[in-house]
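Undergrad: Taken in sequence, the protein lines are chains E and A. The C-terminal residue of the first sequence carries number 417 in my numbering, and the numbering is unbroken. The C-terminal residue of the second sequence carries number 539 in my numbering, and the numbering is unbroken.
To be clear, the hints were calculated from the coordinates, so they are not data collected in a lab. Any given hint might turn out to be false.
DSS-like cross-link-like pairs, simulated, lysine-lysine; straight-line CA separation at most 30 angstroms [as the list claims (entries may be wrong)]:
1. Lys356(A) with Lys4(E)
2. Lys4(E) with Lys410(A)
3. Lys317(A) with Lys4(E)
4. Lys317(A) with Lys20(E)
5. Lys20(E) with Lys4(E)
6. Lys409(E) with Lys389(E)
7. Lys364(A) with Lys4(E)
8. Lys393(E) with Lys317(A)
9. Lys98(E) with Lys73(E)
10. Lys410(A) with Lys20(E)
11. Lys356(A) with Lys410(A)
12. Lys364(A) with Lys410(A)
13. Lys98(E) with Lys80(E)
14. Lys317(A) with Lys356(A)
15. Lys317(A) with Lys73(E)
16. Lys393(E) with Lys409(E)
17. Lys104(E) with Lys80(E)
18. Lys73(E) with Lys104(E)
19. Lys408(A) with Lys364(A)
20. Lys317(A) with Lys364(A)
21. Lys4(E) with Lys408(A)
22. Lys408(A) with Lys20(E)
23. Lys317(A) with Lys358(A)
24. Lys393(E) with Lys4(E)
25. Lys4(E) with Lys409(E)
26. Lys20(E) with Lys358(A)
Some, not all, of what chain E presents toward chain A, calculated at C-beta under 8 angstroms [as the list claims (entries may be wrong)]:
27. Lys11
28. Arg222
29. Glu225
30. Val226
31. Leu227
32. Leu231
33. Gln342
34. Thr346
35. Leu350
By construction, the Cβ of each residue, glycine as well, lies at the ideal position given by its N, Cα and C atoms.
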Amino acid sequence: MSKVLTVIRKEYLERVRSKAFLVGTLLGPLFMALLVIGPTALGNLTRSQERTVAVLDLSGEVFEPLAEVLRKNEDNHVKLRRHETGPQAAAGVEELKARVLAKDVDAGLVIGADFFAQPQLTFYNTAVSAVVLRDETLRPALNEVLREERFQRAGVPADQREYILARSEWTTLQLSAAAEAAQSADVGIIAAITMVMIIYIMVLLYGQQNLTVVIEEKSSRMVEVLLSSLRPEQLLVGKVVGIGLAALTQVAIWTLAGFLVSVQGVAVAGAEISLTVFSPWLWLNFLVFFVMGYFLYASLYAGIGAMCNSVQDAQQFSMVLTMGMVIPILLMMVVIRAPDQPMATILSLVPFFSPILMFMRVTVSDPPIWQVVLSWLLLALTIWWANKAAGKLFRAGILLYGSSPTWKSLARALSR
Amino acid sequence: MANPAEIRELPAIGEPLLLVEGLSKRYGETLAVNDVSLRIPRGSIYGFLGPNGAGKTTTIRCLMDIILPDQGTMLLAGVALDRRRRDRIGYLPEERGLYRKMTCQDQLAYLAQLKGVPRRESQQRAWRWLERLELGSYAKSKVDNLSKGMQQKLQFAATFIFEPDLVILDEVFSGLDPLNIELMRDLILEQKQKGTTILFSTHMLAEAERLCDAVCLIEGGIKILDGSLAEVRAAFPFQMVRAVYRDGREPPADLPGVVDRRQDDGTWRFELAPGVDAQNMLAPLAAAGPLSLFAANRPTLNEIFLTAVRRQRESRTSDRSER
Chain E
2 MSKVLTVIRK
12 EYLERVRSKA
22 FLVGTLLGPL
32 FMALLVIGPT
42 ALGNLTRSQE
52 RTVAVLDLSG
62 EVFEPLAEVL
72 RKNEDNHVKL
82 RRHETGPQAA
92 AGVEELKARV
102 LAKDVDAGLV
112 IGADFFAQPQ
122 LTFYNTAVSA
132 VVLRDETLRP
142 ALNEVLREER
152 FQRAGVPADQ
162 REYILARSEW
172 TTLQLSAAAE
182 AAQSADVGII
192 AAITMVMIIY
202 IMVLLYGQQN
212 LTVVIEEKSS
222 RMVEVLLSSL
232 RPEQLLVGKV
242 VGIGLAALTQ
252 VAIWTLAGFL
262 VSVQGVAVAG
272 AEISLTVFSP
282 WLWLNFLVFF
292 VMGYFLYASL
302 YAGIGAMCNS
312 VQDAQQFSMV
322 LTMGMVIPIL
332 LMMVVIRAPD
342 QPMATILSLV
352 PFFSPILMFM
362 RVTVSDPPIW
372 QVVLSWLLLA
382 LTIWWANKAA
392 GKLFRAGILL
402 YGSSPTWKSL
412 ARALSR
Chain A
217 MANPAEIREL
227 PAIGEPLLLV
237 EGLSKRYGET
247 LAVNDVSLRI
257 PRGSIYGFLG
267 PNGAGKTTTI
277 RCLMDIILPD
287 QGTMLLAGVA
297 LDRRRRDRIG
307 YLPEERGLYR
317 KMTCQDQLAY
327 LAQLKGVPRR
337 ESQQRAWRWL
347 ERLELGSYAK
357 SKVDNLSKGM
367 QQKLQFAATF
377 IFEPDLVILD
387 EVFSGLDPLN
397 IELMRDLILE
407 QKQKGTTILF
417 STHMLAEAER
427 LCDAVCLIEG
437 GIKILDGSLA
447 EVRAAFPFQM
457 VRAVYRDGRE
467 PPADLPGVVD
477 RRQDDGTWRF
487 ELAPGVDAQN
497 MLAPLAAAGP
507 LSLFAANRPT
517 LNEIFLTAVR
527 RQRESRTSDR
537 SER
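In isolation and in its complexed conformation, chain E is listed as follows:
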């Protein structure tokens, strides 16, 4: 036991004292923030690219009000150009299409002759991305033009228009039996995705370190000296635990910092985020799924590392293992949309997926406790199996030099 502790201590200190750990701890939250709110922010950036739309206004009454609405909305990334045409409407449309094809303009819009009675529009584009322009800018603007004109024609007084256009106002609060405080569901989703991402990234990042460390130990010819002092299983456990503790330390630092910042109160993407509203149940699950997910993947990565002589050798095997973490990320939306449907329930009980999917369910919904506990048990059983398998791979592979392993040799080592 004291030998395992010696290995744990060495692996842990080596990591925690490294520059990479310091940089990772400081830059991690930044990276995480980019990952969660980055896509939205980036989307906002790209929308402001200027696009030109040629408008063939057959009614002759819409172009001016449309330009007026866009000006009023300060939507200055769309440039309207009136497409002049002769008496032949069909010829005008052909000309417009030719301009779009020639990339003279980014898109073309044909407004029907009797727009206010029959609001028919035809939109021409070459790039699929133009639909964003159509849906987010042109459609609402033209709807407004249409509404204003019809209000006018129907003789609705100006002070009644706001009243008629009223929308229902929603406040969404997520309640759960365990948590006293209610939180906004939007914040819940952002926080859930952040925590899932932490599990995903940390399990992969630190899990794969086990693979590289074992391969390094093999290529530096350290293993035989080590194996004369302790059993392969002890070496394996010491490594996995030592590296895992380093990962846990990093997450603990982030969480603590998160709490400290929460006391000040921060707004992310317009919503107040506070770690203090999460229930102890959620925190417990975060810890359990993070730790168990790490152990499952780390020991298998270490086992693969023991069979291989180089990281390149290991790639074909480790990729399959990595898939176990990537697939649930792809399935995340299924779980967010219907967290309590049989599909989500079954997927979240698969041990290789549950660190991501069951935890996701715990954050966005309130699955029955027996399901959560069942997933813990299944995960624990799988870890037990993985440890045995990794131990076998370790014993079989750690002194193998030269030949690169095949799926067959891996299977042979496992069946021993």
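Since the structure of chain E is already known, use the hints to place chain A on it.
TA: Same frame as chain E, but now just chain A:
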């Protein structure tokens, strides 16, 4: 915890410290080690000799529990080897390395701790060893900054730092320059003076002859002979004659009393039958032509080994033909 005194109770100098009985290990079709028995006296340097692939490393790995033997018993100071007793054995494998990014002192201390030395003491011992090997100024540098010779000293220190009762050195001189070989030899002899028993495994028989008190020769997984150097020599009481002709001609075919003859770089070597006086060879050899060299001496370990292997093979063939 076991009583440390029980583990440290060692036999008297010269009595067997490590006893191996009937050790066998098979890899698929090949029998890597075939019924090998060893008797290693305490306080000696014991040469474990044989060509590459003879089964030396496999035997050692069985001793260190790195691979499991199929058969055989292994006793250290009369007690079956287990993990705790293996903590009294130092092992410097042929495939040896160091953590390149670790400092010298931490490295030594870590390897000492893995053999059960308490943490604080391990740091002190590491420091003392570095001083002794004139590496004191490198205590806080990473192994990467060390020359190859210095790294070898460090590996050597790691093997002895926990004051083992028995040390196994596997091909310890391979890849060393003559200066470092000299240094290693001094270190080994120094440890022997302190009472450490050393199992010295090598295929370089000339080196072994200079260092060892007792030897065991194995080939093809089978023990060919063993015993103290004096016993081994006594068991092969023949003389060797070396001769070189000035014009490089061949010696006569019908020399009396010659059991075996070999040519090696223009030098002819004759193994004489036991009791044949080497002086009797001079006249017939000189009669055949002008000699530039004639020498008679007792056989080297290498020559004994070749003879023993030949006899073993002959006896096996005759066994088969008798059947």
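Undergrad: So which hints don't hold here, by number, going up?
TA: Hints 10, 15, 22, 25, 33, 34 and 35 are the ones this structure does not satisfy, whereas the remaining hints hold.
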